[in-house]
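Asker: Please model the entire structure based on the sequences and the hints provided.
There are 4 protein chains.
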Amino acid sequence: MEIGIIGLGKMGKNLALNLLDHGHQIIGYDMSSEGLEVAQKEGIEVSDSIGELVDSLSKRRVIWMMIPAGDPVDNTIKKLIPLLDEDDIIIDGGNSNFNNTLRRNEYLNQKGIHLVDAGTSGGVEGARNGACMMIGADDSVFAYLEGVFKDVNVEKGYLHTGPTGSGHFTKMVHNGIEYGILQAIGEGFEILEASDFDLDYKEIARVWNHGSVIRSWLMELTENAFSKDPKLEGIKGVINSSGEGLWTVEEALKLKVPVPVIANSLFVRYRSQQEDTFSGKVIAALRNEFGGHKVEKR
Amino acid sequence: MEIGIIGLGKMGKNLALNLLDHGHQIIGYDMSSEGLEVAQKEGIEVSDSIGELVDSLSKRRVIWMMIPAGDPVDNTIKKLIPLLDEDDIIIDGGNSNFNNTLRRNEYLNQKGIHLVDAGTSGGVEGARNGACMMIGADDSVFAYLEGVFKDVNVEKGYLHTGPTGSGHFTKMVHNGIEYGILQAIGEGFEILEASDFDLDYKEIARVWNHGSVIRSWLMELTENAFSKDPKLEGIKGVINSSGEGLWTVEEALKLKVPVPVIANSLFVRYRSQQEDTFSGKVIAALRNEFGGHKVEKR
Amino acid sequence: MEIGIIGLGKMGKNLALNLLDHGHQIIGYDMSSEGLEVAQKEGIEVSDSIGELVDSLSKRRVIWMMIPAGDPVDNTIKKLIPLLDEDDIIIDGGNSNFNNTLRRNEYLNQKGIHLVDAGTSGGVEGARNGACMMIGADDSVFAYLEGVFKDVNVEKGYLHTGPTGSGHFTKMVHNGIEYGILQAIGEGFEILEASDFDLDYKEIARVWNHGSVIRSWLMELTENAFSKDPKLEGIKGVINSSGEGLWTVEEALKLKVPVPVIANSLFVRYRSQQEDTFSGKVIAALRNEFGGHKVEKR
Amino acid sequence: MEIGIIGLGKMGKNLALNLLDHGHQIIGYDMSSEGLEVAQKEGIEVSDSIGELVDSLSKRRVIWMMIPAGDPVDNTIKKLIPLLDEDDIIIDGGNSNFNNTLRRNEYLNQKGIHLVDAGTSGGVEGARNGACMMIGADDSVFAYLEGVFKDVNVEKGYLHTGPTGSGHFTKMVHNGIEYGILQAIGEGFEILEASDFDLDYKEIARVWNHGSVIRSWLMELTENAFSKDPKLEGIKGVINSSGEGLWTVEEALKLKVPVPVIANSLFVRYRSQQEDTFSGKVIAALRNEFGGHKVEKR
Chain A
0 MEIGIIGLGK
10 MGKNLALNLL
20 DHGHQIIGYD
30 MSSEGLEVAQ
40 KEGIEVSDSI
50 GELVDSLSKR
60 RVIWMMIPAG
70 DPVDNTIKKL
80 IPLLDEDDII
90 IDGGNSNFNN
100 TLRRNEYLNQ
110 KGIHLVDAGT
120 SGGVEGARNG
130 ACMMIGADDS
140 VFAYLEGVFK
150 DVNVEKGYLH
160 TGPTGSGHFT
170 KMVHNGIEYG
180 ILQAIGEGFE
190 ILEASDFDLD
200 YKEIARVWNH
210 GSVIRSWLME
220 LTENAFSKDP
230 KLEGIKGVIN
240 SSGEGLWTVE
250 EALKLKVPVP
260 VIANSLFVRY
270 RSQQEDTFSG
280 KVIAALRNEF
290 GGHKVEKR
Chain B
0 MEIGIIGLGK
10 MGKNLALNLL
20 DHGHQIIGYD
30 MSSEGLEVAQ
40 KEGIEVSDSI
50 GELVDSLSKR
60 RVIWMMIPAG
70 DPVDNTIKKL
80 IPLLDEDDII
90 IDGGNSNFNN
100 TLRRNEYLNQ
110 KGIHLVDAGT
120 SGGVEGARNG
130 ACMMIGADDS
140 VFAYLEGVFK
150 DVNVEKGYLH
160 TGPTGSGHFT
170 KMVHNGIEYG
180 ILQAIGEGFE
190 ILEASDFDLD
200 YKEIARVWNH
210 GSVIRSWLME
220 LTENAFSKDP
230 KLEGIKGVIN
240 SSGEGLWTVE
250 EALKLKVPVP
260 VIANSLFVRY
270 RSQQEDTFSG
280 KVIAALRNEF
290 GGHKVEKR
Chain C
0 MEIGIIGLGK
10 MGKNLALNLL
20 DHGHQIIGYD
30 MSSEGLEVAQ
40 KEGIEVSDSI
50 GELVDSLSKR
60 RVIWMMIPAG
70 DPVDNTIKKL
80 IPLLDEDDII
90 IDGGNSNFNN
100 TLRRNEYLNQ
110 KGIHLVDAGT
120 SGGVEGARNG
130 ACMMIGADDS
140 VFAYLEGVFK
150 DVNVEKGYLH
160 TGPTGSGHFT
170 KMVHNGIEYG
180 ILQAIGEGFE
190 ILEASDFDLD
200 YKEIARVWNH
210 GSVIRSWLME
220 LTENAFSKDP
230 KLEGIKGVIN
240 SSGEGLWTVE
250 EALKLKVPVP
260 VIANSLFVRY
270 RSQQEDTFSG
280 KVIAALRNEF
290 GGHKVEKR
Chain D
0 MEIGIIGLGK
10 MGKNLALNLL
20 DHGHQIIGYD
30 MSSEGLEVAQ
40 KEGIEVSDSI
50 GELVDSLSKR
60 RVIWMMIPAG
70 DPVDNTIKKL
80 IPLLDEDDII
90 IDGGNSNFNN
100 TLRRNEYLNQ
110 KGIHLVDAGT
120 SGGVEGARNG
130 ACMMIGADDS
140 VFAYLEGVFK
150 DVNVEKGYLH
160 TGPTGSGHFT
170 KMVHNGIEYG
180 ILQAIGEGFE
190 ILEASDFDLD
200 YKEIARVWNH
210 GSVIRSWLME
220 LTENAFSKDP
230 KLEGIKGVIN
240 SSGEGLWTVE
250 EALKLKVPVP
260 VIANSLFVRY
270 RSQQEDTFSG
280 KVIAALRNEF
290 GGHKVEKR
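Going down the list, the sequences are from chains A, B, C and D.
Residues 0 to 297 in numbering that gives the first Met the number 0 are what the first sequence spells out, letter by letter.
Residues 0 to 297 in numbering that gives the first Met the number 0 are what the second sequence spells out, letter by letter.
Residues 0 to 297 in numbering that gives the first Met the number 0 are what the third sequence spells out, letter by letter.
Residues 0 to 297 in numbering that gives the first Met the number 0 are what the fourth sequence spells out, letter by letter.
Be aware that one or more of the hints could be misleading.
Pairs involving identical chains hold if they fit within one copy or between any two copies, as the list cannot separate such chains.
Pairs of lysine-lysine, DSS-like flavour, derived with a Cα cap of 30 Å [said to hold, decoys possible]:
(1) 9 / 255
(2) 293 / 235
(3) 296 / 235
(4) 201 / 293
Don't read these hints as lab results, they were simulated from the structure.
All values reported here derive from a predicted model rather than from experimental measurement.
Answerer: Have a look at this one:
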């Protein structure tokens, strides 16, 4: 299939190469000239503008966005609308908030353009060699694209989750679960590290991947990480987040679903980005007030 | 009543003065000669040793310990046992773990000595001018001492909670609740502080103390704290803990009572004592492994 | 001052009576004819419509809404706009989300109408006899109204928190703190209840109100509640919530403030409204899958 | 190797069969005659008493206990001590609290008997066909037994974690992590279930196992569970726990490691076993006191 890819960062470029491997015709575009250059060097045909990209595709056009969530997606869609024809397809392969996907779908539908949300997991490696996609789309649109999804994902690694929006929703929840799993693993190793036993974390991650109940890809990555730096002495415990954990909690709040584990995982991340806390100051000051407990001066 | 007080720190000395105000005969003892001196200067009669203290009391002896929980209490009781007579009374006014109180009561009972646990709240000021006491004791022993408890506490500020052990248990739960309340207040002010509004924290604490649902002594102390340092810029948010919050959670775990708020308040305190976390490092490393997300180097 | 009050439910009616006590001229309106009747019987002059209410007020009109947050506020404002003149004042005394207050203020300002948010705490009793108000308003508008706020609140029980929006924001955080305090108290009493000691909860709440660190109005209410039903056998532990706890968490999430205690207090409420949980089913099923652990059949 | 197995329940019997497959000489014992019978039918040689079992083993005896943690282990060791000779080996393959293992090791060492803790994961299936073992033992004892551990575990599925105690400690932390992972998965599916989308949980678990970041054995089991009962309508969400999650939290508390996720996972389990909560009643009663909010009557 002929596919235009907008966004040639680490995810988009790898997806393009993955598609090329499977015989698809790919034309890429990236906002940065550097991104274009790198892609070209790796054998991806590129366009200098979104307009050129759209022109170079034959109809029924399929355009796959692999760009950061939020404004970039809205801006790109705004540019695409006047260029596209009825029945053309936009795939949003990024981590858009599904509420935005629903909103965008509504006005794209009015123009007769189809929006497909392909929530993508598996990281950079997955984009290149076989990812996992949760896909929201009308039945007929999904049927039209299914071959492509079959090609770029690992075997059985794609699912038509339902109508547009459901793909990003399912991916969001996937990431929410991921937050909780990561925090559970982190807490476990912190207990190991705090204990009096002198333990080999890499070896423990290794044995947990062979026959234990918690064997998993994330535990394999844990083994990898410890094999590079056995006590992680070189790095700081600052954990960023890209939005999907937050959205999962926001959605749970709306749905009145108690999510103590996912929410607390998020709070731990926020806390990791603080040097000191105002709440801590308040409590330290109050303990001093009622009990004369010493406070640490700055 | 004639009462020997062991431990003349900020709590014990103030309790002694409080008792003196109400016409009781007080003899004090403290491990440190400095403590003895200070107490003497403030008009408290003192002994140089526990033996002398016991000797100077007429029977039925009443000895009130105001000393740190744990080994000091065990050591003091060990010294007292051979010196005391049947029916004498030891009051433990400190923050002992009620499980230790139950254990000590068992062997003191075998000697015919009564143990009374008087869990004390209200801080240093309370010890001096009127505290709040939760008292575990046999009925007859409580009746014997009730006048004293009436004197040193604020009006209605003492309760015979039940048999020995129940006083420290109730005090422990009191402190567990206190952990949760403090953390709730801390979180609230941290949200105020993070917002775009330019708010006066002292004034807000003040207004919350006049007619609002959350008016409380702790909110009054919050007002005090902010009146001294309007943004708490001089102090660090490091929060120590003296054990009772931990014991509350341990007890809840044994009793299978879900205590998310008290437990999380304790975790926040532990976290406030860490510069960095191993769990954070693990998670940052894993995010790097699967998503290529940058880690902060040390 | 002449004041129109829209909404004569338990809060609005009591506020009207409170204002009357202080010599203000009050005209009330309520959507329900029953509400109008009850108010009239208690001596409050009423209007049959919002139009009539507005007409009967001399300028500079002051209209105080005591109505449920959300659509009712938007609908009422929509009706008021064409009826009001420049410089008139609308007070929103309900629990509106401060984001809505900011939004409404923007378009009311375009019409020259002032919006004042008077976040009100202290419950029904407070509305009648002296409440606590956190007030967002322009300086000049606050100055114009200050006498009224002084009258209807307890001494020192009102604060000009800043511009419009800051009142509801501060009230929201107040309620967030309240969620955490309530949950801390609840957990404490559940531990007492689960223990082997035979404790008198009313007496414990009572003693905690006399000299202890956690003495507070909420603990006084705890004493009241247990004095009516010593073990709360007559009621269910289902806890509803009216929105402000949720908004506090949503706001904290946006501001990246970790709020484990407030968030977990909210989750406990959500959980209390569920008979069974899907998450519990999933975990029970998984424990059966890997360990053969029995599941309970429905 | 000649090995005596005490405890022929689902884990012990399967381990015995697993060992037989690899050419070891096995003699089993179980407290229940039914257990003995079943084992015998499946080809396991059994003894009628612990004494007979010990007698029938040649020296250096190796005895592997697969019995419930707690008193049964203490009782069995008490019976074994007078029957064993210096240098004999007891393997505790159950889920003992590592603190008990350390305590038992101390007095067994005084008798010259070696205690090996082989924390075992992988469930019933693992015991039969290849498990994962975390093994605490002296170096020389581990070396003596390594061949056996190699035989009964999956490839690379055993680790000498360190001295006696470290195996059960590592297994405990493994289970703590498992609690957190399970709860994260549970919360995720509860959000899916609460949403407006009509999702196929089995298919989602399936796709998450093919290329996604959270692919894992537990997610495969999730797929299995949903393939049997697509909406888990037949079961209740009551989650039991066997102790290791609790111990993990207890240990974390001692070590001052914040474990919000593991602890909250445990609280969710406790909550799932309650029909109603006392804390909920307290909060509902308080909301009624201050705000007149309705309570649900029982």
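Asker: What hints, given by number in increasing order, does this structure fail?
Answerer: none
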